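Take a look at the letters that make up each chain.
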Amino acid sequence: MILKNADVVLGDGVKKLDIRIENGKIAELAEHIEGEGADCTGLTVFPGLIDMHVHLREPGYEKKEDIASGSAAAVKGGFTQICCMPNTNPVADNKVVISYIVHRAREVGLCKVRPIGAITQGQEGKNLAAIGAMKAAGAVALSEDGKSVVNSGLMANAMLYAADFGLKCLCHCEDASLVDGGVVHEGYYSTLTGLKGSIRAAEDIVIAREILLAESLSLPVHICHVSTYSGVQLIREAKARGVQVTAETCPHYFTLTDEVIATFDTNTKVNPPIREERDRRAIVEGLRDGTLDCIVTDHAPHHLDDKNVEYAQAAFGISGLETSFALSYTQLVKGGALTLVQLAQKMSANPAHILDLEGGAIAVGAPADLTVVDLNRAWTIDPADFASKGRNTPFAGREVYGKVIYTFVDGEIKYREADA
Amino acid sequence: MPVIMDAQGLARTLRRLSHEIEERNEGFENVALVGVKRGGEVVARRLAALISGSGRGEVPCAGLDITMARDDLVSAFILPDAERNEPGFSLDNKTVVLCDDVLHTGRSAVAGIEAIFRLGRPAKIQLLVLVDRGGRELPVRADYVGKNVPTAREEYIEVRFTELGQGADSLTVIRR
Amino acid sequence: MLKHKDILGLYDLSAEEIDEILTVGMSMKKLLRQNIKKLPHLQGKSVTTLFYENSTRTRCSFELAAKYMGAHVVNIAAATSSVQKGETLVDTGKTLDAMKNDIIVIRHPMGGAPRLLAQTVRAHVVNAGDGMNEHPSQALLDMLTMRENFPTLEGLRVAILGDISHSRVAKSNLFGLTKLGAHVTMFAPRTLLPTGIDKMGAKVCRSREEAVEGADVVMGLRIQLERQHAGNFPSLGEYAKYYGVNEDVMKYAKPGALVLHPGPVNRGVELTSALIDGDTSRIEEQVLSGIAVRMAILFLLTKEEV
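Protein chains in written order, with this note's numbering: chain A, 1 to 420; chain D, 1 to 176; chain P, 1 to 306.
Next up, chain A with everything else stripped away, as it sits in the complex:
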């Protein structure tokens, strides 16, 4: 198959090229390739997007999402590769659950699903999970996502032991004693609504700890879903002095501010919470200057039953796979903070590099994981159209730019936009 006349996002710029795909790989890249092909005039081809932070809910919470629906949402959102967090039921803290996910994802056969194993058994923060066995079964990283490993000594050991197997810890940073039941960012709007807030330090303290552990141990660490301006600054300073720290953020942190909670819409409830304009700007700047390496969705689908309740009772999380690219493109590229090349780095190359995954670049010989997008297409986010079971989005009704037209995984079209 040949894609013709596409604007191809390469590592050093965007070029008008033809792409020949053969045996699931990119066989040729040239200005003109002879033969029949799909005309991609006006479309932009990105290296297959990679989301290193999603929740697929299977096993255990299939009412919210399963590997099939999550994979469908992923390819619809332009993702060719996703990494799923271990807070399932049972927890992915052993090779059996990891293998199950790997095999089930292959059966589904849409995108590449890379499981992340728990750091401790049952995510209970007591004993290390079977890290070696999980690696052998296909785990690509470790995380306690949903909480932090409270015991600093255990966290240090986890980082050291994981390093023996070439795995990184992806750290959810949250000091539970400071959060203390908080459900939103503490500020004007938490006072206005009377919803219990938590201060930035609840996140920052653990970001600082993980950085200091990585620094002391001379090991890499990755910080999940950064939401505070102060957290961005901590990471920036750490990078400047050579700490091997990488970090991610999510579209809601660079798009929304905490005034959205004023309506008590539980779709705005997410952890860490949506913060203030000062934070939002810092997140954009962190992405721009490279402090923040990746954009992830923290795709956290929930059933309506988990959201159509009192704010304090509602589940945390946003269903993000199908809105991430458009929000990122609209906010960051059209907003002037990033170039298309930088956006491709944040959403593909950097995650691939951090987790040592295949893909991440359009190059001859690489797997033909490609995301073909119409950047000029404006559309309105409507959760009723989601492939995900989770319709929980605070972005319903928002107009965005950038529609995924085709998603190729190993050269096969796994998603095709209805009109295409």
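Since the hints were derived computationally from the structure, they do not count as laboratory data.
No experiment lies behind these values; they were computed from the predicted model shown.
For each residue, glycine too, the CB sits at the ideal point set by N, CA and C.
You may find that some hints are simply not true.
[To be verified] Interface residues of chain D toward chain P, partial, derived using beta-carbon atoms under 10 Å: (1) M68; (2) V74; (3) F77; (4) L79; (5) D81; (6) R84; (7) G88; (8) V140; (9) A142.
Once you have looked at the hints, place chains D and P on chain A.
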């Protein structure tokens, strides 16, 4: 603006009405006067004073706030500005003469009867009005009438009493 | 006429709507003072009090207000309802709606719950206190009590002292009072002062004396013992000593300044007994204002249907 009654006419009418009450009830024993606030109360108090002043007897007398008994309280969602009715004597087994200034639709009279029932169980209730202007909407009839003045819908009767700070006594037909 | 189907908070209500509730409340109070407590306006209507949190005082006040106006009243306490079996608020609301309730009065420990209910049901919803969000009827009764004692709330100086962080009463009062032109000062330990309250129109003071200076009304808010256990202050004794309102502090207020408290009072903590029982205390008066203002709310909510 035809004046129906001036101060003198009113005095004469009240005197006659007091005799009619006396005649119908064979004296004033067991009679009580209850006047619908505020005009009817003036009528009742004047009658009581007249009866007492002429040495014919002492008739207990009280004003009656009918707001809480109005039939349109709910339908018109009226916010009541009422005073609690505390006549100071028992209405039980009395012949209560309910006094009002003008009888028109009959709704005030019915509300008056309702308000009286909330205070006790009289043996009889009789209705006294200074003017019956016709236009009944309910099956109500006055026992004592000062004057019958048939009026049109667009007319009303303006009542002035000195007690209420409205100048000299007068009852006048006014065209809207 | 109220423009809202529900009374969820004073943040949502306009100055005109608040003024109307207070005006009707004054009339209701006049009737109540004369012991007239049989109004027909809610005859044939059903009012359900749905309390997920204990509050005998508020529930009783709403119940009497509804009964004085002739409504059928059903009281649901969370402890005896299907809530414990795990029914969601939305489902409970649908059930109450199906039972043809006209008004649901809800008290809930979580902010925003009355709004969720209001979005679900056809019935009018009255917020009787939701978490740390709002307690509109309490603020309205405070304002009614003030209105009876002062010619206008415009320019009135109201000092609020106590646990402001956890107080829906403080916030509802702040929203309501500032909308009607009053000035609100606040004082509390920093641990009990919520972020951003100064941006909502309150003048946050650094001492009791500064807060009370020139005040027409001094309002104490309940300090709960659990706040001590949560580490918000060392002890009730220390609170009383450094943050409580006593006679010396009251000297900074205008002569004859009123003393209010939403109750129940911790004697000698928020306010001294001498102030609670003094001539300027209107704490008992607030109770009658409570029924009056709740009657006014029920009256105005159902009035729009006529």
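Quick rundown of the hints versus the structure:
no. : hint : result
1   : M68  : 7 Å, holds
2   : V74  : 5 Å, holds
3   : F77  : 5 Å, holds
4   : L79  : 5 Å, holds
5   : D81  : 6 Å, holds
6   : R84  : 4 Å, holds
7   : G88  : 15 Å, violated
8   : V140 : 21 Å, violated
9   : A142 : 27 Å, violated
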